[in-house]
Amino acid sequence: MESLPDVDVFVGNIVSIDFAAYELWLEQAEAEEARDYLMKLDKDEHKEKEGREFLFYSYVLDQFRIFGMLEPMLHYPTMLANQMTYQISMDSQKLVISKYYALDEVVVREFLGKKLNKSTRRDLDEICAKTQKKLKYCQRQFDNCRRIFKAVEDMSGSLVKNIQKHFQLPLSLSWDYAAVVFLANHRFDCSKRKLSCLGFRDFVECSKFLIESWTHSQTDCTDLPQEIDPEFLHDLRSVKILVSEQKLFDKHKNTTVNKARELLHLSELKGSDELAGTQWCEASFRPLSRGIVGIASCLYKSKEIRDYFIDIFEKVVEPCRTCGWDKERVNMFLQCYAAAAKQLPQIEQLSLTWDKYIKTTTKCILQIYKK
Amino acid sequence: MPGRLKVRIIAGRHLPVMDRASELTDAFVEVKFGSLTYKTEVFPKSLNPTWNSEWFKFEVDDEHLQDEPLQIRVLDHDTYSAHDAIGKIYIDIDPLLDDESSHVLCGWFPIYDTMHGIRGEILLTVKLELFADANQFKQSSCGFKFICGVTVPECYRIKYIHGFVHEFLVNEDPEYKWIDKLRTPRATNEARQRLFSKMTGELQRRIGRKVENMGGNAVLGYQQQFDIEEDSGIVVRGIGTAVTIETRKKSRKKSTIRSASSSPDKLTKDFPFYTMKSFPPRFLSRLSIAVNAHSVKLLEKIHTGNSEDVETRDSWWNELRQEIKGHCHALACNAVIGYTEHASICDDVVILSAQGTAATVNPLFCPVSQDKDENCDDHFLQVNFSGSKRNSTFSESTVQSLDEDKEDSLLLFEVPKELTELVCPMKCQPSPLNPNILVPDMLFTTVHLPNDVLYIGKGTVVQARFCRSKKKGQGEPNAALVSEFLPFIEYELHKRLYNKVKIRGMNALFGLESKITLGENIVVGVATGTAVCLAALPNICQQSASVESKEPSTSSLEARYTSFTRQCVEVFQLKQTTEAECDPTSNAHPHLSPSPRSPLSLSMDDKRSLVIGIDEFSPHDDDDEFHDLLLNDSLPPPHCYISNLDICPGLNESLTLTQMFSLLWRVRYDDDANDKTLNEGLTRCCEQAMKTLWFRLRRNNPVCFIAKARFLLVLADDDELQIWITGAALIPDTKAPKDSNKKISFRNSAPVRAKNGLLQEPDLAKEDDVESNDEGDMLSLGLDVRKFSASFISRPLSPLYRKLKRTNTVGSRNRYDSTSSGASKTAARNRHFSEGGSSISDIDHRDLNEASEPVEITPMSYMCDRATVRHIGVLNMFIIRETTAVRGSDEEIPSAEPAHGTGCSWFVSRSLTETNALIRAHVVALGGNALTSYKSSHCVLKESLAKNEAQCLIHVSGDVVLIH
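Chains as they are written, first to last, in my numbering: chain A, 1 to 371; chain B, 372 to 1335.
This is chain A alone, in the form it adopts within the complex (with noise of 0.2 Å):
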C-alpha cells in the first residue's frame, strides 16, 4: 500500500486560518517553500524527524486550499461577511481581508500614477524583475488597486469612507488606497528619474493633502469625489498678476523679505553666516516665486496636474536644495512667502483660493523636500 496518500483533506465547521501560512501563501510561495519554513519556525521536540515534512507538507496544502477557495471572496469583502459557506470568526475575517489588501509599498511605488489597465498589468514583469519579487504578487498587488480603482471610480460620497466600507479595510489602508487611486485617476506622473528618490508614503501623504484640500471628497454629498475643484483651478489663474506685474513681484518680495526678517529676529534662527540677514531670501524670491505661481497658473491644463510633482520638484524643491536651505528655512520662506501674498490688495479677493493652493503646496514641498 502506497504510504503517501493521493487525496488528504481536512475539513471543519470552522475555518481556522494560520495567518503564518496565509502570509506565505500571499507572498506566493509554494507549498514546500511554505512547508520548510513552518517547520523551521516550529519547535515542538516532542515530534519525531521522520514524517513531519510530510506532516507540515499536508497542513500546508489544506491551509493554502482555504485560501484558495477565500480568495474569490476576498475580491468583493462585503461578501465575505454575509456568505454562508464558510465560518470564519470576525477577527479573523477582519485579518485575512487587511492582510490579503496590504499594500507592497515597494512594488505599488512603481506603478503609482499610471494607468490601471491592461498594457501597465502586462508590464508588470519589468517591475518584478526590478524589486525581485514574484509576478503573480506583483499582478496580485496590481489587481488589488485596479479593483478598488473601478470600485469606487462612480461612487458618490468619500472616496476613503467609499473605500473604507466596501473593502472592509482599516482606516490608515484605507488612506492608502484612496491616494493610489487618485494619483491614478489623475495620472500625476510619479516615474520621472527625478521623484525616484521619492517614495511610496511621500506620495501617499501628498495626495492626502490634495484630496483633503483639493477635491470635494470630505463632504459626504459629491458625485465627483475624486475631481479636482474645476472652480478652484480656474480661478488660481490669476494668481499669475504676482509674477506678470513688476511692481506688484517687487511689493510681495519685499513683505516676504520683511516677514522672513522679523521672523528670524523672533527666532533668532542659527545658521548666521553665510544666510545671515534675508539675502538668502531675496537671492532665491525671483526663481521660487516664478515658479510657485507658474504652477498655480497652469494648474487647470489637465496635463499640467499630471506634472504637479515634478514642477513641484524642479521648480521649488530642487532650486531650494542647492541654495543649501534646510526644511526648515523652506517652511519658513513658504509661510512668508504665502502670508505676503495674502497682504496684496490684488490678491486678497482670492485669498481663499490662494489659501487652498499655498497651503496644500507647501504640505506637499515639506514632505518630498530631504536634504
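Just so you know, not all the hints are guaranteed correct.
[Unchecked claim] Straight-line C-alpha distance at most 25 Å; calculated BS3-like pairs for lysine-lysine: (1) K43/A / K1062/B; (2) K1062/B / K40/A; (3) K315/A / K251/A; (4) K208/A / K115/A; (5) K301/A / K356/A; (6) K99/A / K150/A.
[Claimed, not checked] Derived coverage of chain B by chain A (criterion: at least 3 residues anywhere in the stretch with Cβ under 8 Å from a Cβ of chain A; other residues may be distant): (7) 481-493; (8) 1028-1039; (9) 1050-1064; (10) 1278-1291.
It should be emphasised that the hints constitute simulated quantities derived from the structure, not laboratory data. Ideal Cβ placement from N, Cα and C applies to all residues, glycine included.
Position chain B against the provided structure of chain A, taking the given hints into account.
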C-alpha cells in the same frame, strides 16, 4: 391534518454571473411542491435580485407534506434558448409539522448545484397552516419527533420505552436507469437528490405510523441508511426506538396522568432491540457482551412496484435480527441495546451486519415513587450533560447513595451462575469490588459508558483492523467466498481488540463499532471502541504492578509488553486506585481493594497473567508481526485523549467544543499485493491518518481531545482505500473567555439554571420586550448579550422581516441603476457594490452580528458547556457533488494540490465545506443554532482520471437543536 403550505421568495445575493457579455444575471425562481409549480418574475440584470414574491400557496394533505420536499430552483432567464439552471434547494418541511414548532421557516439558503456547488443564496419564508383532522384511516404520522441522538436530549425526559421500530423502502436508482445514458449528469444528480429526499420523508412517515401504533410519540436513536445497490436499486432503511418522551417542564404537572396510562406489558415484541446507547437510570439491570451477526446476500435487479424485492430484503434483515435475538437469549438476556445495522455493497454482493449488546433491561423502570425518580432523573441529566464532571458529582453525593450506585453498577456486570456453566467464550472471575460476584474478565459493549459505573483513569480509542485480499469474482461463487472469509475476519478483529485492550491495562470496551467493508478484491474489517478500566472488573494493571516489583522479565518480547503496558498505565493514569487518594472508590471502600489473598493477585504466575491474552490467542512461535502490530500502536500525543463516545472517559475538567472536523485520507494499494503487505499498509495508513489528525488539531491547541471519533472505511475502486474520520475536537474550558459573546451567554444563564432547575424559562419570557427594543439600543447597551442572542435565535423571523424591508428599498434602487444608466457596463462593474447607501451597511452590520454567533455542528449528542433548550427536528440530507473537470475547472485550486495527488483535493474540500454550509443554513432557518449527533455516513469519493470526472456522495444526519 391536511395543511396549507405557503412559500415566499424574497431576495437573492451573490448570484453567479450567467451572462458573460453583461456580467449579470436575469434570475427567477421556481417553487415546486408535489406536482404544482409556481414561478417568480424575472429580476433583470442583477446579482443581488429582490423578488418579494407573493405567497405561493400549496394545499396538500399531510401524507404529501411528510413525503415531499419543497423544491426551489433558481434559473437564469434566457429569451432565445432554454433557461439556465443556477441551482436548487431542497427543504424538508417535516420539522414544521411538529406541534411545538412555530410552523415557520425563514432564512437564507445556499443555492446548490450538483455540478458547481454553492452559487449564491436566496432568502425565503415558508409557512405551514395545519388543519385539525382526525381521520382514523390516515396514512400520515405528523408531529412525531425523530431524534438521531442515541441518548435523550436533556430538555426531554423518557416516560416510557416502547421498543424497536424499523422500516425500509426500495426504489430504482436514477443513476443506473437506462435514461441516464441520455441525460446530463446534472439532471441525473437532481433526479437522485429528489428521490432520496422524498424517500427520506416517506420512510419517516411510515416509521411514525409504527410509533403511533405502539403508543409512543418519538423515535430515539433514529438511524437512516442509504444502501446504493447500483443496478439493483436503492434501499433506504431506518431503525430507531419508539419512546414516549415529555419535556422536563411539563413533567412536573403531567407525569402522574401519563404514567398511569402507559401499559407496561408491551415489551414482548418481535425484537427487543434498543438503538439508544445511554439509558435512563434503572432501565439497565445487567450488561452482557456485544453480539453481532453477518450474512452475505446476492442482489438482483429491483423493479419498482415489485413487492418481492421488498419481501426479500425484509426477510434478509429479519433473519439477521433473529440471529441476534438468538445470541441474546443464549446469554440469558432479554434485550439488545446499542443496536445498529449496516450493509456493505460491492457489485452484486452485499454483506448485512447487525450489532448490539445483549443486556437485561427492566422495562418497568418507570417511576415508582415520583419524588425519588425526579431526583434521580435530574442526576442523570446532570451527569449526562457534563459527563466529564462525573467524578465530582459522585464525591458530592452521600455515601449511602454511593453504595447503592456501586452495588448497582457492580450487578450490571454480573455473570449469572447458570451462564458460567454453559459453553461460553467468557472467562469469569470474581469482581475485585465484591468477591461474591462473578464478572467477565473483559467486557465488550456497543453502548456508552453507563453513568453510574466507576472506572479508573482515562479511556482511549482502541482500533483493530484486518483485511484479506480476495479474488475478483461475480455472482454465487463470489458471495460464497466472501461468506467464508467473514468468520476469520471476525475472529481476527476480536483477537486484536482483546489483546490491545489488555496490553493497555484496561478491561472493558464501550461504543464498539465493527464494520466489515467489501471491495472488489479485498475485504476489510475495522473495529473501534473506547477502552476503559472498570473498577468492577479484574484489573490487569494491578497485576502488572506486581510484576514490576518482581524481577524484570527475561524474554525480550515480554519485556516489550511489560514496558508498553507500563507506559499505558502511566499515560492513562490507571494506577489511581492503588494509590488511593482522589478516587471515591478507594475512599468509600478501601476494604474492597484486592488483598493479596484474593484469588485475583495470582502471585504465583503473575508474569503469565500479564501476557495471558496473547498466550491463549496466539502461540509464541506464531508470528512476530502480530506482536509488532500490538506493540506499535501509537498512543495519543501527551495530555491528549481520544474516545468514540459522547465523553472522553476520565476527563474531569469542563470542556469546550472547538469544532467538528472531517478528514478524508485516500491511498492506493497494489491490486495483487499479498495479505501481509495489505495488512501492514492498512495499519500504517490508519496510524498515519490519525497522526495527521492530531497534528492538525494540535497546531492551534496543543492540548486537545477528540470525542465521538468515527472511522469509516470505503473501498470505492479496486485499488484505493478511503478513510473518513469525523469527530469533535474539544479543549479544556479556559476560564478567560476568548469568544466573549458565547461565554457571557453561558455564564449568565448558569445561575438561572442552578436556581430553579428550569431551563431558560425566564429568558424566553423576556423575549417580547426585547423585541420591542431597538436593536441598536440593545447593542450599544451591550448589557445583556444573552438576551439578544435568545431573541435572535428563537424568533428568527423578526430581524429578517426588518431586513426584508430594507432589501426592498435597495432592490428598487438597484433596478433603477441598471435600467436608467443604460450602460450595463457600469452596472456590471458595480454589481457587487451596487448596494450603496446606508441601508445595506445596516444589513451587513446585522449579518456581522449573526456571524459572531457561530452555528455549531457536533457529532456528540449534546453541546459541551451549553444546554439544549429545544429539539427542533431531524436533518437528513443526501448530498451529491460532481465535477466533469477535475483538472481545469474554475474552481480548481492548483497551488494546493499535492505533488503526488490526482488533483481532486480541491473537489473534496469544497464538497465537505459546502455540506457543512448547507447544514448550517437549514439549522438557522429552522430557528436552531446547532446540529447535534451529526453523523456522516455513506461518504464516497469516486474519481475517474481518464474522464477527468469526480463524484462525491455524502449522507449527513443530525438533530437541529436550540442551545443556550
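(Q) Hint compliance check: list the failing hint numbers for this structure, sorted ascending. (A) Those not satisfied: there are none.
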